[in-house]
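Peer 1: Sequence:
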Amino acid sequence: QPRVVILDSIKGQGVPCLEQLTNSHHLRLTDGMKQTLNEAIHQLEVMHD
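Position 10 of the sequence shown, counted from 1, bears residue number 123 in this note's numbering, the numbering being contiguous throughout.
Hints in this document: simulated from the structure, not taken from any laboratory.
One thing to keep in mind: the hints can contain errors.
Cβ pair distances, simulated, as ranges [stated by the list, open to error]: (1) His155 with Lys124: 17 to 23 Å; (2) Val159 with Leu134: 24 to 30 Å; (3) Asn151 with Arg116: 36 to 42 Å; (4) Asp121 with Met146: 20 to 26 Å; (5) His161 with Ile123: 17 to 23 Å.
All values reported here derive from a predicted model rather than from experimental measurement.
Note that beta-carbon positions come from the ideal geometry of N, C-alpha and C, so glycine has one too.
Hey, can you work out the whole structure from these sequences and the hints?
Peer 2: The structure is reproduced here in structure tokens:
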């Protein structure tokens with residue numbers, strides 16, 4: 114049974130407006146960020162259909 118999980122990841126990877134934030138551990142999204150995320154999600158859905 115694992116006791117520790119260590120990840121080497123980039124928060125918001127693939128979404129530039131999130132990748133570039135240095136202090137984004139807790140984040141309230143602006144309307145523009147929400148729109149950008151929705152567009153990124155849509156692109157991923159299209160790629161995987």
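Peer 1: Taking the hints in turn, state whether each one holds.
Peer 2: Here's how the hints hold up against the structure:
1. For the hinted restraint 17 to 23 Å between histidine 155 and lysine 124, the CB-CB distance of approximately 21 Å keeps it satisfied.
2. Here the CB-CB span from valine 159 to leucine 134 is close to 26 Å, well matched to the stated 24 to 30 Å.
3. At roughly 37 Å, the beta-carbon separation of asparagine 151 and arginine 116 lies within the given 36 to 42 Å, and the hint holds.
4. In this structure the supplied range 20 to 26 Å holds for aspartate 121 paired with methionine 146, their Cβ-Cβ distance being about 24 Å.
5. About 20 Å separates the C-beta atoms of histidine 161 and isoleucine 123, a value consistent with the hinted range of 17 to 23 Å.
Checked against the numbered hints given earlier, the structure satisfies every one of them.
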